[in-house]
Every structure is written in structure tokens, then in C-alpha cells.
Amino acid sequence: MSVRETLGKHSEPSLITVDGPSISPLKEGRAISTAAVGPWRLVAGKLVRQKVAMAAGAIILLLYLVGLFAEFLAPALPMTSRPQYTYAPPQGLSLFVTKPDGSSEFNFHVKGYKVEIDKVALRRTFVVDDTKVVPVGFFVKGPLYRLWGLIPTERHLIGPINRSDPMYLLGADRLGRDVFSRLIYGTRVSMSIGLVGVAMSLILGVVLGSISGFYGGWVDTVIQRIIEVVSAMPTIPLWLGLAAAIPLTWSPVNVYFVITIIVSLLGWTSLAREVRGRFLALRSEDFVTAARLDGSSETRLIFRHILPSLTSHILAVVTLAVPTMIVAETSLSFLGIGLKPPVVSWGVLLQDAQNIRTVATAPWLLIWPSLAVVIAVLSFNFFGDGLRDAADPYDN
Amino acid sequence: MADLPEDVVLSVENLSIDFKLRTHVLHAVQNVSFQLKRGQTLCLVGESGSGKSVTARSLLQIVDRPGRIADGKILLRNGGEVTDIATLFPGSRPMRAIRGRRIGLIFQEPMSSLSPVHTIGSQIIEAIRVHSDVDKSTARARTIDLLRQVEIPNPDQMADRYTFEFSGGMRQRALIAMALAGNPDILIADEPTTALDVTTQAEILDLIKRLQVSRGMAMLLITHDMGIVAEVADEVAVMRFGRIVERGPVDAIYHAAEHPYTRELLASTVKLTHHVEGKVPAVALSAAPQPILSVRNLSKIYGWHGKANALRAVDDANFDLYPGENLGIVGESGSGKTTLGRLILRTVEPTGGSITYRGKDGGAIDVTTLTKRELRSFHREVRLIFQDPFASLNPRMTVKEVIGDPLVVNGLAKGRALEDRVAELMRMVGLDPIGMERYPHAFSGGQRQRIGIARALALDPRIIIADEATSALDVSIRSQILDLLLDIRQRLNLSFIFISHDISVVRYFCDRVAVMHRGRIVELGEAEQICTAPQEAYTKSLISAVPNPDPRNKRMLHRHRFVAPANA
Amino acid sequence: MLGYIFKRLLYMIPTLFGMSLISFLIIQLPPGDYLTSMIATMSDSGQTVDPAQIERLKEIYGFDDPFYIQYLKWIWGILSRGDFGHSFEWNQPVSGLIWVRMGSTLVISLLSLLFVWIVALPIGIYSAVRRQSLADHVFTFFGFIGLAVPNFILALTLMYVAYKYLGQSVGGLNSPQYTGAPWSLAKIGDFLAHLWIPIIIIGASGTAALIRILRANLTDELHKPYVITARAKGLPEYKVILKYPVRIALNPFVSAIGWVLPHLVSGVTITAIVLNLPTAGPLLFRALISQDMYLAGSFILLLSALTLVGMLLSDLLLALLDPRIRFN
Amino acid sequence: ADFNEADILKDKVSSGAIPPLKDRLPENPLVIKPVESVGKYGGDWNMALVGGGSLSMLFRYQAYEPLLRYTPDWSGVTPNVAESFEVDAESKVYTVRLRKGMKWSDGHPYTTADIKFWYDTVFSDKRVAFVGQDHWKSGGKPAMLDIVDEQTFKVTFEKPNGLFPLQVAWANADQTTRCPKHYLEQFHIDYNPKADELARQRGFESWIASFQAAAGFQDDNAFFLNSSKKPCLHAWMFIIAPGENTERAVAERNPYYWKVDTEGNQLPYMDRIIYQMVADPQVLLLKAMQGEVDLMDQYIATPNNKSVLYDARAQGDYDFYTLTSTEANVMNFIFNLNHNDETKRKLFRNKDFRGALSTALDRQSLIDAVLVGQGAPAQPSIKKEDPLYNEQLATQFTAYDVDKANAMLDQIVPKRDDQNFRLDEEGRRLTIIFEIDQARAVFLDLFQLVIPMFQAVGIDAQMRTMDRSLWETRVRQGRDFDATAHQFGANGGVAAMLDPRYYVPTDANAMYAPAWQLWYRDRGNANAEEPPVETKSQLELYDKLKATSDPAGQREVMKQILQGAADNFYVFGVSLPPDGYGIVKNSMKNITRTMPNSFGWPTPAPTMPEQFYKV
Ligand SMILES: Nc1ncnc2c1ncn2[C@@H]1O[C@H](COP(=O)(O)OP(=O)(O)OP(=O)(O)O)[C@@H](O)[C@H]1O
Ligand SMILES: Nc1ncnc2c1ncn2[C@@H]1O[C@H](COP(=O)(O)OP(=O)(O)OP(=O)(O)O)[C@@H](O)[C@H]1O
Ligand SMILES: [Mg+2]
Ligand SMILES: [Mg+2]
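Chains as they are written, first to last, in my numbering: chain U, 1 to 396; chain V, 1001 to 1568; chain L, 2001 to 2328; chain B, 3001 to 3615.
No lab work stands behind these hints, which were simulated from the structure alone.
Hints should not be assumed to be uniformly reliable.
[What the hints assert, rightly or not] From the derived model, a few chain L residues whose C-beta atoms are all more than 10 Å from chain B:
hint	residue
1	2017
2	2028
3	2066
4	2106
5	2121
6	2129
7	2133
8	2188
9	2319
[Unchecked claim] Now the stretches of chain V that chain L is said to cover, found in silico as 3 or more residues with beta-carbon under 8 Å:
hint	stretch
10	1087-1098
11	1106-1116
Owing to the predicted nature of the structure, the values given are computational and were not obtained by experimental measurement.
Here a beta-carbon is modelled for each residue, glycine too, at the ideal position from N, C-alpha and C.
Based on the provided sequences and hints, a complete structural model is requested.
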């Protein structure tokens, strides 16, 4: 840029003539790119630069991969029960064993247990037995499974080299099943079915709420009455009725899928009302009028022009709904319609933990599944947050 | 720290402000220096987008997010001491003590700068009570007084109304009242009268002048109206591309401008005071002498506050608009101009009357009875430029989407073609297409206004209702835009309803002018005639208050006030 | 305004009727009736129930009547005599049962609501203003733990902690020695000592939700020009934020006010069961499970009425909060 | 003799609120021999009820006062309210004598007038009568009641009814001691012409409903709910009855209680029973661990909870007592032998099929995993120590042998599909859906392990859990279910004769044969189905048992029934139920440390709570 300076007689500062807005590259010496990009690219570009959000995204992806390869990743089958290891506490993985002479040697292993049965207290007592070393390996042969129901194989990512040795990295449950493996299998159901419900109530809530708030008048009146009825509707007998109506031949997963859909059919009302409230406030804004005058159809007005203003709220509501849906089974199971064994999901694992016995003596049954839910939810949240920030025009 | 000369209350030294954007750094303000003196007015004029508002905001440390004071000092006399505002933390107590109390700011965009959910009164009362320890009722009394001073009718009632019930000009005045509420020593007025009719504008400027004289208030006035500059400025600084290109006493600037840009500015001002030469009269333009739009007995009553309080925003309006004609609408702030425009488009439902529109095929349709679907095609042909550009731009859409939207929804362009068309439109209104990916809030007031114009032009309409479409533009760009519009009119046989307070613009641009007062069209006639030989008393007073862009001939002082007849 | 309220009140009448009909229908959706569930409980303890006796009971309870007759009888009783019917399970008039429980429900609901707002509002605002700060992340983390761990597990854990480390009588709102005793200082102390668990648990998910939603909505408003205007007046930051953007960000909460009470009555039922709280939720739950239909029906009717009033209230507040929302 | 009473009562006597003790006791009070020692007066017995649901529990603690009650070892019955109870040689006429001077808890005399009132209104008045009280019938006909004098009445059956005394003593069977005429007559139109008005005042439509609610004989809940005004013969009477307060119920000593200890002290020792109403068993568990409950074997005393309860003994200051099991098995696999589906019915009725499935079960590992090693593989049967023990019944098909099971099944359903599941006669995959009441946690655990075992022999076994009422409707009242699982049924002695559900299908608890049991009870019923000969002969044997009144004769017939059951092999099970446990505070005295666990022998009522005391 050329700056020509002339000294003027009455100008105290120098008389300056510039021939364009002054801009400079972001970094010294870098070329100025003036190519404008589309809005989506813009958002994506901003998203990519958010480290936390990207990490969260990576975790979400990872969780789905875990779900996809559950059979391979889990050292044991989720239903295999070993009575002698009921309530076995978690073992730690360690790399070295100390030999009797005091030197240590590399040996990837977990420690075995010494088990005692206490007849009076009716329990097994586990003591880590330092002398029992259970060597652990990668890509070991373990129980036979079919990957995706197709490929029969015995390879597991990790497992005890001698397949009859006990390896309970996260402990065992009350039937002596491996919590780690169950957690891995649980990812599959929890990260898929539950989220369908979130998506459905999201769509219903947004669409009906938007319409109600946008049009007002009798449309609003009708939708509001529907909301009132739906939200005051007693769900418990509905579930009980449904549980009776659904054919027994359906598998528990199918049943739960249907239930999820119905949960979402009932769960949209609060979002709808919130969306409506915002629409009532926003519909008279000038930019909406402007878009209308531009010839936007009402659908476009609603979804393209007004709804983006609710991005943050909707993202927040969705991330809040995710944990609720993942653990919904636990409360539904009170009524006998949540997911039930033999299906494995995080909610089912938590169901198993809802008693004092677990809280008092086997906290790992409670902690790990909860942690799984928390991690999933936090990831969704941080990813959603990143998305929000990326879509926020004020955020650079 | 350097001492300031005795009469200087604020000194800006080598101020630079950068915006770090996605692709580049924008130096919005570069090396700007000026001083504000007690009781004096510095007028900051300059091209739209040259950094005036950013400079003004930086004085209060409220520059928008990516903006950052990169360099320079802002020295404020603080009792015996001198504070460098640039070093203060934005939310800190000393900074807060300066805001409102020491430096009052009138924002450029009056329409969006007020809270939509609080009454005007409560917002002003609060401004009073932050800095002085008075009880609510005293503050309210003072608020009402302030509102009266800024010429808001029925101030005690209006104080309890909400922003959206105020017309553009009324909001601007409310904002002025708010800025004055803290009795600041320095008033920064960022285009404070753009939405005001000349009469009101004169009153407001008078009010400010009085305060300056009585309290020694210093003022930084940012404006595009060279007339106003001539009337009130002691000193003038001219900005362009983030720099002050010329600075000096008002007389010197007007009569011995150095910088080519300053000269261009003045030339444009003069040009606008004359009617366009060689402009073909509208009626002759059109082969068919049938009006394209006829408005009959149109009225709108706002009656939320009960029958007794019902307000006739538009009262029995009648006029015709012929193809290719530019009809100007002038009138007092709050007289119903915006409402009239909106009624024609049916974004506000009329209380009574009819609007007949003659479509391309020559068939007449009654706009008041159109269905939603029919309205949509009507809207394609009749476009509106909003008075409040900020509010009319979707904050979550990039400019490209905003301007492109009408093209997209009407299926006129997409992909590459869309982008090219948007770029072309932006260039047409003098915007750099580089800003295409920015969101509306990242533009200056004038730039936003041009975005609005570009959007209206995108569809090749038949009528454009332009509500204060050029108020935020500097004269040179303004004249360019007006010429552009005239050119388009010529080519496309377009008609304009041009709502404006700027009589010179109206005179330059319009064929006929309607004068509105309290919802009624009080006079309608040839532009030249209205501007030079008005018939009605109200019009006369209006014309008399037009400021003269010559500091040696301050006309505003000789204006006469119109007092409405008692029965109105 | 008054006209609007009146209109809404008028709407309520058919809506309530519709709701009562629908809920009465839904209550009867599950197979069987009160008798089935009664038999279920009895046979659970090893008793034998004679089918002939069941037939007889059916007749006595009027379960042989068609659905609409049962409904009409019930609704007529309410309309003509204010008689909500008889609870089979409790063997007493429904109205007596409902009102007793409503009191404690109200207390707990309001206290937890208060807790939620007191905790969540400042945190939500703080999180929005200081986005991505350490504290924001910490709040987020704990908030989501509160959400991700099912309420009753949280309840069990807290109760276990209270048992193990505080040696406190768990569950309920009073230690056994104070149940039925007149109010005294000691009893109040005991009451307060019991209150924290339910309030934290009922509040946990609500707090997290409120924080997140407030944070989301507030962030959107923080940059609006009117906020900058307020700032330019020289207002302290907290006032700027509290008066302007927070007010607009509250819109979703006001929209949701209609549910607060009904939700606290029925939404936290399982928590209340686990915590042994004498609130309406468990009673309703039992009534629904055991198909004690008049009790359940009346409860739901009451909740519906509360929902309707809540929604009207929320709509009025919405208009008050944001004058752009007007009613015609 | 000299009698003693509690101090609180002495105060009441001196204030004139109640008459002196000798006027309150019957001439011949029942003398109770304390289990350990004579106790001392005072103290509250802290108890809890879960859910407020099943008040039948109260028979266990304070309301077990039939004419005759079971002996503490459940070997027979002993007089209780009745001073004597005699039967004629044919088991047709029973002569009962009440205690002279015995009074209701409000001081009103308890006489044969009350019995007559019960007989006339509750038992035989068609307007209000409830069916039930089957022990008062023989051959479907009600017994005749003859009042001899104020204290004596006779019950005459048309056909021999040898089980009558045993049935009277059943937990909640006897209503004759729970029907105070002087209180209830006001609600009955025949006794009070204004009964209808009274009913309306109480919120009822007619006197019928009002009388029923007041008497409360339609179900146990109704009997106890809001019953604080109803006089009773129990050791404690409610001052705050369940339902009157939803948080707790309180019962106070009955000043007219008619039992004394060996030293003439009027019982009960303890002043009050206080029931906390707890909504969830987990909370009750915590409360018990905290020592807020004095005695508890219901709800919380599961094998799974034992370790936490064990650890908390010091903190809760309690210890355990043993409950000997009275149930036939921990879980019985019940196939629907009257299935509506022709093919399935045929298959399920095949004894070898059931035997094969039973052989496919690895019972020991089930016991290890779910029962913490407690128990021993067994079919639903009589326990070994009992004279009725039948080895075939107990042990057949319990040996785990997959190959044998497969071989047996290959005889019946040889064809298999591509996934190696067997096909039934129609070529459908052999899917058996077990419908389980989801509240039965042990079943759920067992089934998670059992299903793979069935799958290993080519049976596509599946489990569906459901809410209890749905289960009741589908299974107990339906005919479309494939199979289910249940427990209960008795494993010995008197109980086995009264509840032989797995040995002979006499009532609705015989879920394996819904149509046959109906035939037995009601031949005319459209849903009834005549059983095959071998089952019919079982039912005939049971009729014979009922007609027998001497215990030795009864035992003989019962043995035949059990042999028949072993041959029929209706159901199979997993394990003998391990002994249960209960917790009792260390301060509680006179507690029997080992007792049966049953509802019919309402644990621990026959061990006489009235003589419990606290130090
Ligand atoms: N939504 C509304 N509710 C109530 N009154 C309104 C509303 N909108 C406008 N008004 C009133 O109608 C009158 C005309 O307003 P309008 O906006 O048309 O004025 P205007 O001529 O455009 O003024 P300006 O030049 O200041 O923009 C004003 O007095 C205003 O207060
Ligand atoms: N938030 C932002 N992000 C990026 N660029 C910005 C932002 N705000 C302002 N700018 C740019 O800074 C420059 C100066 O803006 P400013 O508002 O000061 O102009 P102005 O002189 O007031 O113009 P006008 O007369 O049109 O109001 C403009 O080019 C504008 O596009
Ligand atoms: Mg500007
Ligand atoms: Mg206007």
C-alpha cells in the first residue's frame, strides 16, 4: 500500500491520502487471502480451530468405534458368568513382576485373586494374591464370537493369555461377569438407541414450537392445548399399558426402541414451549420481516431465519437430553419397560448398581458405568459448545 | 504523563485500532490524533466505514470483540490529573466512572441500541441513577424533563412505553436524552440526528449547544451532514480509511480544503443541493399515465393502550405513484412515514383504506385483500429498505447470505453465479466484496445501510420503498448511490417512495414530495415547488430549518418553528 | 389483558375435561384393574386368592361397568358434590389423601426450586460471562455428573454416606422419634438435617439444566448492542448483565414455569420413593401402579389443573418479561 | 390367681379410664410360657412396612389371633382364642368353646354373638358376602353354625373336613375372631335401619359398601386400613392405623388382652409397635443397618444383602436369627401344560421333554453364582428331614448332563435349523418364552445364566420380564404363555398338605395346569378341562386327604400324592431353598432363634410377639 504524505498549511497532522482500506496479513509476510468462503465452510473452519471441541468430537467418534468393534475389544463375552468371581474387585494392570530373588522382569500381567467364601456373611472375599500372576497379552485368543454376527473369530484385543485365568480390569458384577467387557458392549446400545429419542423429540419440539410461536393465533392455541394435555398425561399407566400391548416375540431391543420413540413423542413439549417463547419474541423482529419481504416462504422463515437464533438454546437442550436418555432405562426399568438383561447397556449396568450392597461393597459397579455416561455426555456437551461457538457470529 | 493544555479535556494521540479477522488484520483506525476542547465541538466527518464510530467507541472502551486498541493514548483530564483511558481495564471501576458521567455517548444506531424489553423511561432513569444519588421519583421527573427537551411528545406517557412503540427518530432522541442524563463533560454524538427531521434536528442541536455553553461540555460530533457541520462545528477532522486526512477549523475546511477527499465531499454536498439536471419528469417517462400504486384513505391506529390512548399513526393518507416516479415523503419524526411504508407492504395491517397496485400485466389488485401467497409475489415487485439497517439484517447470516437470500428464495441464482451476483451488488453500493463472509455486526452503520440497499436491488423490483435509505452515508457515497438509483430507475422504469429527512436529498432525487405531519399528508406537490415555495405552514417551517452547508451562513438559526393548530 | 386471561380460563374448562377423560382412559390402559394388582401383591407374600372372590369384588367395585359409566360417575361426583371418589387401596375418600400430601410436596418443591435458582442463576451467569474459564468447566463437569448419574443412585449413595459417616436416620423428613411429635426446635433441626439430601438430589439435575440453558441463552445476548449501551452508561457489569441480557435469557425458563410444580410432583417420583419422602409423587405412583383409579385420576386432574394454571401464568409472565410478545 | 399389669395401665385404672385388671381378663386367660424368661413391661417395638402396599404383613406382627394357632414348630395347632376345639370322629362336627369373660379391645364382651353375626352377615349374607373362607365349606356347601351358649358353638359340615383346624390357623384365614358385632352392626341395614344414611355420611354410596369397608374382609389391606376405631382381640391395637397417616402407624397395648405369662403378668410386655412406612426396600435396609428396626426378615433379608447387614451388625446393634425354608424350591420352571397352542401343549406335556430340559441345567453353578453357594440341587419337593420326603421327587433329572439332555431331546424334537436351534413338529423354531415377574430379582439372575444352558441343547429360550400385574394377567389368568417361573409351594409337614401346588393342581397357584385346576374347583366352568387320568387320581387323593382328620392318616395320603407328583413331574426346579435369616436387635428378648419362614405360618407370629420384650 502506498502512502503519500503531504504537509498542509492548516493541518496540524500531516495531510494524508490513502487509496484503500488499510489491511495487513495475519502474520508478517503472509499473503492476504481475500477469497470469501461460504457460511458452512466458515463454521467448519471455526470449529476445527477449537481444541476442546475437536477432542470431544474425537471421543465421540472413539465411542462409536468402541461400539462397532465391541466384540473384538472386549476380553470376555458380556454374558459369561463365573460364579467363583462374583463381586471380584478390579485388578490393576502392571508391567513387571518381581521375582523371588528381588529382581524384576517384564511381564504384562494382572494379579490373581485368593478367594474365600464367608458362609456367615454370605460372600466371597477377594484378596489380591501377589504370587498368582495372570499374564496378559494383546491379540490373544479368547472366547469365540462372531464379529458383526458374521466373522467367527477368537481374537480379542486384550485378554489373559491363558483363557481360563481371571482378568477383571474393572471388576466383576454380582454374577461374576466382566464389567469391562459389559461396558464395552453397552456402548453400542447406549450410544445408538437412546439418541434416536433425543433426535426425535428435538425435531418434534422444534417444529411444533416454531409453528406455534410463529403463527400464533389459533395454531398456537391448538398446539398449546396439545402441549398441556401431553405434558399432564400420566405416563406410568401408558407404559404399563404398552408393556402389555407389545408382542412378547419382539426382542427387548426392539421393545426399547419403540419405547424410546414414545418417550420422545411425549418429551418434546418443554422444548416446544421454550422455542415458542423465543419465537413469539423474535417473529416481529425486523430481520424476519425483511426475510419475508425477500420472498421467503414461511418454512424458510422459520427454519432458515429465526431458528438459527435459537442454536445455543437447542444445543444446550440436546446435550442435556443425552444423559437423560442414556439413563432413562434405569427409571423405566422400575416399570419393567426399560432395557432388560440380557441386553447390555450402560443403563442396564446402572440398574444393577442401584442397591446398597453395590454402593457399600462394590462401588466399581456404580462408578464405571456412571463415568462412561459422564464422559459421553461431556463429549457431546463440549462438542455442542464448540458448534455453538463456531456458529456464533460474535465469536472469533 | 504529559500535561494537557488547559482547555483540552480529552486528547487522542496516535490511536490505532485493529480488527483481527479470519483472513487478515483490518486497521480500522490508524494513528488518529485529535483533541476535544471545553465548550467546543469537533466534527468528525468522513467516508462511511472510515473508522469514526470505532474511534468514538474506543473512548469508552467498548469496541466490539475482535477490535483492539493496538497503539496510542486516550488522555482524559480527570480533575487535576490525566488518565489514559487506553490503559484502563474495560470493566474496571475507573472506567465505569468515566462512562456516562465523564463521557456520554450517543450511539449511531438508535434503533437497535435500546433494550427491547425495558421501557424507555426505565433505561433513562437508570442512566441518571448510576452517577447521581437521587431517588426514583426525582430521577423519573428528570427523565420526563429530558424527554421533553428532546421534543418527545407527551413525555410522561411515552416514558412508560417500549422501544418498539417508538419511531426511529423518537428512539434516537431517547438515546440522546440517555446520553445527556449523566451530565457528561464530553459528549460523543455518533450521527445523532440521522433519523430526525430537520426541525427536530435543529431543536436538538440547539439543546446541545446550550448545554455546551452553559456547562462547557466538549463534543465530538460524528456526522455526514455537511450542513450540520457548518452550523455547529468549531473544528473539523476528516477521516478516510482509518486515518484523519485533514483537520482544521471549520471555516478553513469549507473554504480552503486541502485534501482531495475533503473537496470531493464538499462538492457532493453542493451537488445534492440542486435538483438533478436533465432529469426526465416521471409522468413523461411512462407511456401509461395510470398510477402503479394508489393509496386511498389509508389509516393505521395503534390502540393497545386503550381507546382513549389510541394513536393515529397514519391518518387517511391518499396518493398515487406513477411508474418511474420518485415520490418523496418528508415530515416530522414520528409522523407516520415508516408506518405508511409498512402499511403499503402489509407488514403492518392497515386499520382502514385501500391500496391498489397495478402489476406488470396492467391488472389492478387491491393489496389489502391479498392472501399470503399473493403477497409474496407482490413483495417481489415492491421492495423495502428498512430504516434500521441493523435490525433488518439477520445477525446470524453472513452478508453473502443476506444479500443472496432474495435471489435464492426466488430461484434466481445459486452457487458461483450467486456469489458473483452478490459481489456485483456489493460493489455497486460501494462495498468491498471481501466482507462477504462477515456478519452484519462487523460493519459500520453506513455499510450496513448499503447492505440493505443491495438486498433491495437484488430482485429487480418495480417499486422501492426506501425508508431513510441514505441517512448513514457520507455525502459522496450518498450522491453516488442516489445516482446509481436514478440510473436503475431510468433503465428499469422503477418507482421510488423515498422517505427522508434530508430535504436536499429529496430535492435531488424526487419528482414529487408528500409532506406528512401527525399521520396526515398535509401537502403533496412537485419536489422543486415544495422545496422552494412551500404552501403549508408546516412545510415552510420544515424547509426553513434545513441547515446550510456553509459555516459563514448559518441558516438554522433563522428558522421558524411551526406550532400545530390546537385542533390537530 | 383481562380479556385474554378470561379467554384462557374459559379454554381451561374443555381442556380439563379432555384431560380428565384422557387420563381416565390411560389409567385403565394397563391390563387388569385394581384387583389384579391387589392379587399380585397378596400372592407375592404367598397367599392364595380365590378367583370367585375376585369376581365378586369386581362387581362391588363397579369394575364391570363400562368405561364411560365409571368415568361419568366419577366426574359427576366431582362436579355435583366435590367428591373425588374413594381410594380402593387406602379405603378412604380420595380428597383426604391428596391434600395431606400436597402440603409437604409444596414445601419440598418450593425449597428445591429455591435451591436450584439460588445455585444455578449465579453459576449460569458466571459461566456465560466467563466462558471456557476453569470454573466454567468445573461447573459443567459437576453439573453433568448430576445429570448422568440416575437420581436414585445418587440418592442411595448420599443416604449411604449419611448413614456411614453422619450416623443420621436416613430417608423421610424426620427421624422416627420425631415423627408425629409436635414441632420443636429439635424437631426443626432434625428436619433440616434430613432436608439436604432430597434437596440436593431433586435439585441436582435441575441445577445442571438451568446452568446450561442459562449459559447458552445468555451468551447469545451478551453481545447485543443494547448491552453495550447499558455498559456505556457506566453501569457496573453485574447490573448490566442482570438487568438486560439475563432478562431476555430467562425467556425459556418462564416458558417452562408451567411445569415446575407438576414436574416436581410427578417427575421426581422415583427419587421420592427412594428417599421415602412423604410427597405426592410416591402416592400417585402407587395409585397408578396399583390402578387405584379414582385416586390416580383425581391426582392427575389436579396436576392437569396445576399445569394449566402454570402455563397461563408462564404465558402472562412471558408477556411481562418481553413486551414484544403480545396477545390479542 | 394374682395378675399383674403394666404401669401405664395401672394409672389408667386408678384414673377410672378402664376397669381393674381382673375385670378385663377372661376367667381363664391363655397362659403363655415365655421363650427364655419372664419379661418386663415397656418399650416400643420398632418395625417398618414397605410400600404401604401389603398390610398382610401385619398378621405376622400383631394380628395373628385365630381361634387356633400353629405351634411354634408348625407341627400342628394349639388353642388360642378358643379355649377348646373338638371334632367328632367323622371330622364333620366341630365344637368350639370361647373363653368366658373375654373382651374386645374396647371392653365389650366377645361371645358367640359375634360369631353368629359374622356367620349371618359376612359369611352368608348374599348382599355383602365375600366368597372365600373355603375352609368353612365342604363339598362346595357352607357349614352350619349352631350357637350352644354364650361361649360355645358348633360347626357342622356336610362332608368330612379334616383339614379345618389346620386351615383355621392359617395366617389370615379366620375371620370369626375379627368381627366385632357391637361395632359393625351400625353399618348393616338389618341391624341399623339408618345404615344407609350413615354410609352416605362416610362417603359411600350405600350401606353395603360402607359395611364392607368397615368390616374389611374383602382383603387384608382393607381390614387394617383406617381401622383404629375397630375393636380387636390383638395384643396391640392401632391408635394410628395405616392409611390414617401415610408416614407411620402406631399400635398400643390392648388393655383387655387375654393372655398372661407364667407369672400372671398380662401380656404384651411391650407398650407399642411403631411401623415406619418406607417406600423402598433399600431405604429399609439402611434403616435396619442403622438399628432403627427391631426385627425384620421381610423385604431386606435377601442373600445378596447379607454381607452388608453382616458388616453393619455393630453399628445397628443387631444379630441374625435363622429362618428355615418352607418353600419347595428357590425357583420352579413352570410350563403351561394347557397351552392354547396345540403343538406346544403336546410338547410341554411330554414328561421326557421337561426331564431333558431339567437335565440340561447346571444347577451347581447357578447355586454358586446366585445363591452364593447356599443350597443344593433339587427339584421342588419335600425336604429331606421331613417324614414325607420322597427321593425320586427330590432328585430325579437333577444330574447335569448336556449329552443326555440332547439325546432325550433328539427323540422328541430332532430337527434343527441353520442356527442349530431345534424345530418343533410344525417346523417352527422351538422358542420358549419364559414370562417373569420383574420384581423377582433372583429369577432374573438365574435366568440370565439358565438361558445359555437351554440354548446349548438347541432350545431358543428367551426371558421376558414384566410388571407384576401384567404378569398376573398374562400368566395366572391367561392360557397363552409358554412358561414361567415361580417359587412358594411347601416343602414339608402341615404346609405341604395345605399348599401342595406343585404336587397336585388344586388351585390357581398351580400355574402349570390352569385348566385342570379350574376343573377341580369348578367343573362347569367353560375354561375348565378334564385332566388326564393320572392327574385326576392325584386330585382324588387330595379329596381323600381333606376327608381325613387324624394326622397319621393325612400323612399317609400325602405320601401317595407325592409319589404321584414324582411320577407326573409337573415342574422342575433348581435348588432347595437355603435357609433364610432375619435381623433382631440385641436388646430384643424372648425371640425364637430358628423358625420357619412362611406366610401361612405368619413368621414370626406363632413364636408369640406378645412375650417379646426389650432390655
Ligand atoms: N408498534 C407500535 N405500537 C404503538 N405505537 C407505534 C408503534 N409503531 C409506531 N408507533 C407510533 O406511531 C407513530 C408513527 O411512527 P413511525 O415509525 O411511522 O414514524 P416515522 O414517521 O417513521 O418517524 P421517524 O422519522 O422518527 O422514523 C409514532 O408516534 C410511534 O410512536
Ligand atoms: N466487529 C467488527 N469486525 C470487523 N470489522 C469491523 C467491526 N466493526 C467495524 N469494523 C470495520 O471497521 C471499519 C470502521 O468502522 P466504523 O464503524 O468505525 O465506520 P464509520 O466510520 O463509523 O462508518 P459509518 O459512517 O458508515 O458509520 C469498517 O470498515 C468496518 O467494516
Ligand atoms: Mg459509524
Ligand atoms: Mg421512521
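Results of checking the hints against the structure:
No Cβ of chain B comes within 10 Å of the Cβ of residue 2017 of chain L; the nearest lies about 23 Å off, and the non-interface call holds. No Cβ of chain B comes within 10 Å of the Cβ of residue 2028 of chain L; the nearest lies about 12 Å off, and the non-interface call holds. For residue 2066 of chain L, the requirement that its beta carbon stay farther than 10 Å from each beta carbon of chain B is met, with the minimum near 18 Å. Distance to chain B confirms residue 2106 of chain L as a non-interface residue, since its nearest Cβ pair spans about 16 Å, more than 10 Å.
Residue-level check passed: residue 2121 of chain L sits 32 Å from the nearest beta carbon of chain B, beyond 10 Å. Distance to chain B confirms residue 2129 of chain L as a non-interface residue, since its nearest Cβ pair spans about 41 Å, more than 10 Å. The claim that residue 2133 of chain L is not at the interface with chain B holds, since no C-beta of that chain comes within 10 Å of its own (minimum 39 Å). With 10 Å as the threshold on Cβ separation, the claim that residue 2188 of chain L sits away from chain B holds: the shortest Cβ distance comes to roughly 17 Å.
The non-interface label for residue 2319 of chain L is consistent with chain B: the shortest C-beta to C-beta separation is roughly 40 Å, beyond 10 Å. Residues of the stretch 1087-1098 of chain V with a Cβ under 8 Å from some Cβ of chain L number 4, which satisfies the need for three, so the listed coverage holds. With 7 residues having a Cβ less than 8 Å from any Cβ of chain L, the stretch 1106-1116 of chain V passes the three-residue criterion, so the hint holds.
No hint from the list above goes unmet by this structure.
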